[in-house]
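Number of protein chains: 2
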Amino acid sequence: MEYNISDKMRSLKPSAIREIFKSLSDPTIISFAAGNPAPESFPTEAMAKISADIFSNEATTALQYGITEGYPALREDIKARLKNKFGIGRDFDNTIVVTGGQQGIELACKVLCNEGDTVLVENPSFIGALNAFRSNGVNTVGVPLEDDGINIEALEAAIKANPKAKLLYLIPTFQNPAGITTCETKRRAVYEIAKKNGLIILEDNPYGELRFAGEEIPTIKSFDEDGIVIYCSSFSKILSAGMRVGYICAPDGIVQKMVVAKQVEDVHTNVFFQMLCHRFITDYDLDEHIEGIRALYRKKCNLMLSTLDEELGGTIKFTRPEGGLFVWCTLPKGVDLSDYVKRALANKVAVVPGTAFNADTEAPSDSFRITYATPSEEQIVEGIKALKRSL
Amino acid sequence: MEYNISDKMRSLKPSAIREIFKSLSDPTIISFAAGNPAPESFPTEAMAKISADIFSNEATTALQYGITEGYPALREDIKARLKNKFGIGRDFDNTIVVTGGQQGIELACKVLCNEGDTVLVENPSFIGALNAFRSNGVNTVGVPLEDDGINIEALEAAIKANPKAKLLYLIPTFQNPAGITTCETKRRAVYEIAKKNGLIILEDNPYGELRFAGEEIPTIKSFDEDGIVIYCSSFSKILSAGMRVGYICAPDGIVQKMVVAKQVEDVHTNVFFQMLCHRFITDYDLDEHIEGIRALYRKKCNLMLSTLDEELGGTIKFTRPEGGLFVWCTLPKGVDLSDYVKRALANKVAVVPGTAFNADTEAPSDSFRITYATPSEEQIVEGIKALKRSL
Chain A
1 MEYNISDKMR SLKPSAIREI FKSLSDPTII SFAAGNPAPE SFPTEAMAKI
51 SADIFSNEAT TALQYGITEG YPALREDIKA RLKNKFGIGR DFDNTIVVTG
101 GQQGIELACK VLCNEGDTVL VENPSFIGAL NAFRSNGVNT VGVPLEDDGI
151 NIEALEAAIK ANPKAKLLYL IPTFQNPAGI TTCETKRRAV YEIAKKNGLI
201 ILEDNPYGEL RFAGEEIPTI KSFDEDGIVI YCSSFSKILS AGMRVGYICA
251 PDGIVQKMVV AKQVEDVHTN VFFQMLCHRF ITDYDLDEHI EGIRALYRKK
301 CNLMLSTLDE ELGGTIKFTR PEGGLFVWCT LPKGVDLSDY VKRALANKVA
351 VVPGTAFNAD TEAPSDSFRI TYATPSEEQI VEGIKALKRS L
Chain B
1 MEYNISDKMR SLKPSAIREI FKSLSDPTII SFAAGNPAPE SFPTEAMAKI
51 SADIFSNEAT TALQYGITEG YPALREDIKA RLKNKFGIGR DFDNTIVVTG
101 GQQGIELACK VLCNEGDTVL VENPSFIGAL NAFRSNGVNT VGVPLEDDGI
151 NIEALEAAIK ANPKAKLLYL IPTFQNPAGI TTCETKRRAV YEIAKKNGLI
201 ILEDNPYGEL RFAGEEIPTI KSFDEDGIVI YCSSFSKILS AGMRVGYICA
251 PDGIVQKMVV AKQVEDVHTN VFFQMLCHRF ITDYDLDEHI EGIRALYRKK
301 CNLMLSTLDE ELGGTIKFTR PEGGLFVWCT LPKGVDLSDY VKRALANKVA
351 VVPGTAFNAD TEAPSDSFRI TYATPSEEQI VEGIKALKRS L
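Line by line, the protein sequences are chains A and B. Start counting the first sequence at 1; every next residue gets the next number (my numbering). Start counting the second sequence at 1; every next residue gets the next number (my numbering).
None of these hints come from the bench; they were simulated from the model. Be aware that a few hints might be false.
To be verified - Below 25 Å or equal to it, Euclidean Cα-Cα: the simulated BS3-like pairs (lysine-lysine) are:
hint : chain 1 : residue 1 : chain 2 : residue 2
1    : A       : 8         : B       : 166
2    : A       : 333       : A       : 388
3    : B       : 195       : B       : 299
4    : B       : 166       : B       : 196
5    : A       : 317       : A       : 333
6    : A       : 8         : B       : 8
7    : B       : 164       : A       : 8
8    : A       : 13        : B       : 83
9    : B       : 160       : B       : 196
10   : B       : 317       : B       : 299
11   : B       : 160       : A       : 49
12   : B       : 348       : B       : 385
13   : B       : 8         : A       : 164
14   : B       : 333       : B       : 385
15   : A       : 195       : A       : 164
16   : B       : 83        : B       : 195
17   : A       : 388       : A       : 299
This is chain A alone, in the form it adopts within the complex:
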């Protein structure tokens, strides 16, 4: 039977990454494709202990309905941490726990955009965000991403050309997919441009704590004296992705509407794991745990970059991330991306073609995304060699 699917959902395709992820059941394929954190980064033992304790002492709270805003003690932890570590959170701000950063992105769009409105994004950008915007009937307009962040002139031109632009979506730190970090000068420029033009910035920072090289750069939200930035992050890359616990810090007028929107999406986020996050922050040393993850990714990223240098230096162009999970590779002129990705898969290595990350779904790409987070060191070396063979 044919069903009348809503206009906003009709053209939306499943995420290419999720689809690739599903096809990775073949254990002989080296996956550089996933966006998953390294499983070694999960503090399993500590979580098991906390879990047993919650079941012994607070089971009713953990298993009963909770409030939409989130588990109160965890919200306090998040507020304190954002303040102390990132200078984030002013009197006009509030915090809500969401079911992974993905929900935060989707709610921000739902609350601020009508169908037919526009969200400006870095191009390339995170496919989950692009599709969240599209699922709200919103247009995505890409602005080129350069080595030090979004192209400022192109951003101003895009704002002029798109009077229905409501939101500017950015991943300023260790961008997905490009692994690029926006410099402070551009962050300040972007903030001023948004302020001048009445745009709300949605700053997505899921990888911000994963810096393993270079200097910290202030978040855009830390500049936010004017209440124009929605900050979104999560525990997915530092504790567990599967538990789906993220958070938003934004002006209260926006947060209150996000609470209403979240209430009708899932009532609230899994209470047990909210309590578990709170207990981990209280009883363990989250910063020390994160240091361990940084060391892990530093080593793996260095290995991937040095192998890329050896095997593909001068042929494939690639970014040199200072944190996060991803390296963005650009093929030499004349190599067709789609053919290349197929040859790579035949050579037992999976990558994500850049077309998946384009704001314009019909636009071509000559780039692809790879990750060092989940493959083993051996797989990193083997996989890069396979990428060379596929050229």
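Chain A is fixed; fit chain B onto it per the hints.
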């Protein structure tokens, strides 16, 4: 600062129930207001054991990203259970795990309705569903609910009057808020009417397993030879509400779009608790566990009904549910609902005014919802006496 909130979200208010729930921090107030299951219904000890085992043996799977459709073994459990116990699931159907039944309802609307479309609902109906429809810019049109289900003539008239009606949302078994169960004749009539008029039925059945009196009645989905019914249920009322694990069984063409819509809302449902549900179903006796819950509610409901008979028989009219969590009370003529609810709260008993459940937010009501699920036996008796004093 004033923010430009989207049209669909601007007028949406937080759920009155959630707001009342938040105000219930006063421990001297007897709450008949919540929609929470009895905490005694959570199989805490078994869940603690399973949880320890998952952390020991399957931690990586439980804490890593999963697939949007849901944990495969749990989906198989759900399919088998729906088939064996409810005659639900044909070759054209598929199943998706959702973050509580609430998400299933919201996704069904998002996938099938454009802004300006209409969803027909029983009046009164579940506020979480009404607000989910409204958050998609969809109109809710109520059709009167009678003692044996929706008024069939009024339904046919509403379909004629609303050519943009796409969905018919029903809670045929132990309805929320009214506690009413639709008889089989009306279920079959509703199915035929929907089929004739090209309407999709969204059958919400969160309480279906909680029958403690009377005879089982087949679900509408069990009649579905034509692929026109979306069936939504969850583990919230039989295992834990706070974990947020629900499911949908619907024609594959609809499920596939729901998968895409879910992907951009929260990527997937908490993996750990999906695994926990699967393990509970595999290693324990879910039916026996449910029998215990039924006995619990049977006792509490009987006490509430007999106290209502004694204290308010002949003054307040009330439904006699055969399962579920709720009793629906109607005030005598001339008593103002809003004043009454305030007096009840002053007398330390909280109820939910019927206005919260109206499809038309401006419509009046002379009824209110009470629950026997969470108050103690002593509180049930005291609370009903307080309701009498408030008249």
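Structure-based check of each hint:
1. A:8 / B:166: 15 Å, holds
2. A:333 / A:388: Given pair residue 333 of chain A, residue 388 of chain A holds - Cα atoms ~15 Å apart, limit 25 Å.
3. B:195 / B:299: Judged against 25 Å, a Cα distance of about 40 Å means the pair is violated.
4. B:166 / B:196: 13 Å, holds
5. A:317 / A:333: With Cα atoms ~11 Å apart, residue 317 of chain A and residue 333 of chain A stay inside 25 Å; holds.
6. A:8 / B:8: Holds: residue 8 of chain A and residue 8 of chain B sit about 14 Å apart, inside 25 Å.
7. B:164 / A:8: 17 Å, holds
8. A:13 / B:83: Given pair residue 13 of chain A, residue 83 of chain B is violated - Cα atoms ~30 Å apart, limit 25 Å.
9. B:160 / B:196: Given that 25 Å is the threshold and the Cα spacing comes to 12 Å, the pair holds.
10. B:317 / B:299: 21 Å, holds
11. B:160 / A:49: 59 Å, violated
12. B:348 / B:385: 11 Å, holds
13. B:8 / A:164: Judged against 25 Å, a Cα distance of about 17 Å means the pair holds.
14. B:333 / B:385: 20 Å, holds
15. A:195 / A:164: 15 Å, holds
16. B:83 / B:195: Between residue 83 of chain B and residue 195 of chain B the Cα gap is close to 22 Å, so the pair holds against 25 Å.
17. A:388 / A:299: Given pair residue 388 of chain A, residue 299 of chain A holds - Cα atoms ~22 Å apart, limit 25 Å.
Checked against the numbered hints given earlier, the structure breaks hints 3, 8 and 11 and satisfies all the rest.
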